[in-house]
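Residue numbers (this note's numbering), protein chains in the order written: chain A, 1 to 321; chain B, 322 to 483.
Calculated directly from the structure, the hints in this document are not laboratory data.
Here the structure is a predicted model, which is why all the values come from computation and not from measurement.
Glycine residues also receive a C-beta, built at the ideal position from the N, C-alpha and C atoms.
Some hints could be false.
Pairwise CB distance ranges, derived in the manner of DEER restraints [said to hold, decoys possible]: (1) Arg-208(A) to Thr-452(B): 16 to 26 Å; (2) Ala-444(B) to Gln-90(A): 49 to 59 Å; (3) Leu-437(B) to Ile-253(A): 30 to 40 Å; (4) Gly-191(A) to Leu-434(B): 45 to 55 Å; (5) Trp-468(B) to Lys-83(A): 46 to 56 Å; (6) Glu-143(A) to Thr-411(B): 37 to 47 Å; (7) Arg-157(A) to His-413(B): 50 to 60 Å; (8) Gly-475(B) to Leu-57(A): 18 to 28 Å.
Some residues of chain A that are not near chain B, with every Cβ distance over 12 Å (derived) [claimed, not checked]: (9) Asn-188; (10) Gly-219; (11) Leu-221.
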Amino acid sequence: MPIKPLFAKGPSLGVRLLVFTVLSAALMVVDARLTLLQPLRAQLGLIVAPVYWAGRLPVRIWDSATQELSTRSELTAENERLKAEQLMLQRRLQKLAALTEQNVRLRELLNSAALVDDEVLATELIGIDPNPFTHRILIDKGEKDGVVMGQPVLDARGLMGQVVEVMPYTSRVLLLTDTTHSIPVQVNRNGLRAIASGTGNPERLELRHVADTADIKEGDLLVSSGLGQRFPAGYPVAMVSEVIHDSGQPFAIVRAVPTAMLNRSRYMLLVFTDPRTPEQRATESAQAQEALDQEILQQAQPAVQAAGASAPTVNPPEAAQ
Amino acid sequence: MMAARASNIWLVWLTLAVALLLSVASLPKFMELGRPLWLALFLTYWVLAVPHRVGMTTAWCLGLLADVLNGSLLGQNALILTLITFLVLTLHQRLRMFPMWQQSMVLLVVFGLAQLVQLWLNALTGSRPPTLTFVLPALISALLWPWVCAVLRGLHQRVGVN
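Okay, chain A solo, but in the shape it has when bound (with noise of 0.2 Å):
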């Protein structure tokens, strides 16, 4: 018998390589385009919270230890920045009662679709990309909660991210600086839209093909448009820092910093918008509308009935959904 070989049984090394190397890419591509292996991804993300969980262990117990020990005139100091903030953000809402009843009369009048308000789910923050050049982190929250692939994630200050990937008990949310996010805002002082998108600073955004003359200057603050049917209408999304006219560049260069604390939120909101597409919703708005009017109708009309009775009606069933 000659000398025992390394690899007695088998392919070489170099056949093992091109089979491994096509699996690979086959699986990538079929990842990629294909809905094929959503199901499989999702099942094996089970694994996924436990290891997260373990590897924030460290910064859970440094975090907790700190707070141990955390002297006596910093609590006084929290506390009192709280209150004070609890103040403010009670005055606000003094007025915001008030508001949305009249925002309500006034989109009645309008008989637009109505966004009175959208449910959300308190969620927490367990792990964050290990790759620096990719903004995304994973929360809490999974399929299990209701959680929706496109879902939209904001803090307390605005909008975070989006879900992109739905496993079971946790989801994986890329934030809006992404280099791969972009998001339709508008200027929330005159209306004007544009197109926020990521640079891969977790502070900056950046504003696309704004014309030169656009009326945006620093300080204005942007706000989500609902336009790309995404994200809900009227979040606040970030505020200008920096107009730059370059007679040399075809647009303004327009930065922002997202108003959301994209690296420092520990808690976050998923928030549950309306399945139903502007449309859909107007419609039906529209058709309660008219039932509730023809109600009105017939009832401040009642001697006038025997008079008149082929009034149009409004099919019951329809204007019940």
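Position chain B against the provided structure of chain A, taking the given hints into account.
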């Protein structure tokens, strides 16, 4: 006795699980750019130490797990780790004879190549990391190699994986 020694493959899996954990553990912001390639380091050691037990199949499966953890395309890390294992297996006979610093140099090249492929794959999916920083993890991994090697060898000899 022999059967008990042969079954000590669990140590390999345990250390690889630790490597998976380390690869997603939180790091301070400034260290994230240079996060060592823990999976590649641990895998390289076991491929060099017990090539008849740990090979490209192990690397591929481990890579799939890493893909699920990182949320990258299924097969991306699998391809990278298989490539590293292939290179290490090809250089295996020479690499074992080299002194430690020379092993580190060779591994720097191997990991650098792997990072380059990683960069290409990332570019295909749309996220392009800028500049040359993608080499940093390879450099740090190569510098860490002597220590990783020493720790794993200690464990290896104590438990006696065969």
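Hints and how they fare:
| no. | hint | verdict |
| --- | --- | --- |
| 1 | Arg-208(A) to Thr-452(B): 16 to 26 Å | holds (23 Å) |
| 2 | Ala-444(B) to Gln-90(A): 49 to 59 Å | holds (50 Å) |
| 3 | Leu-437(B) to Ile-253(A): 30 to 40 Å | holds (32 Å) |
| 4 | Gly-191(A) to Leu-434(B): 45 to 55 Å | holds (52 Å) |
| 5 | Trp-468(B) to Lys-83(A): 46 to 56 Å | holds (51 Å) |
| 6 | Glu-143(A) to Thr-411(B): 37 to 47 Å | holds (43 Å) |
| 7 | Arg-157(A) to His-413(B): 50 to 60 Å | holds (55 Å) |
| 8 | Gly-475(B) to Leu-57(A): 18 to 28 Å | holds (24 Å) |
| 9 | Asn-188 | holds (30 Å) |
| 10 | Gly-219 | holds (28 Å) |
| 11 | Leu-221 | holds (28 Å) |
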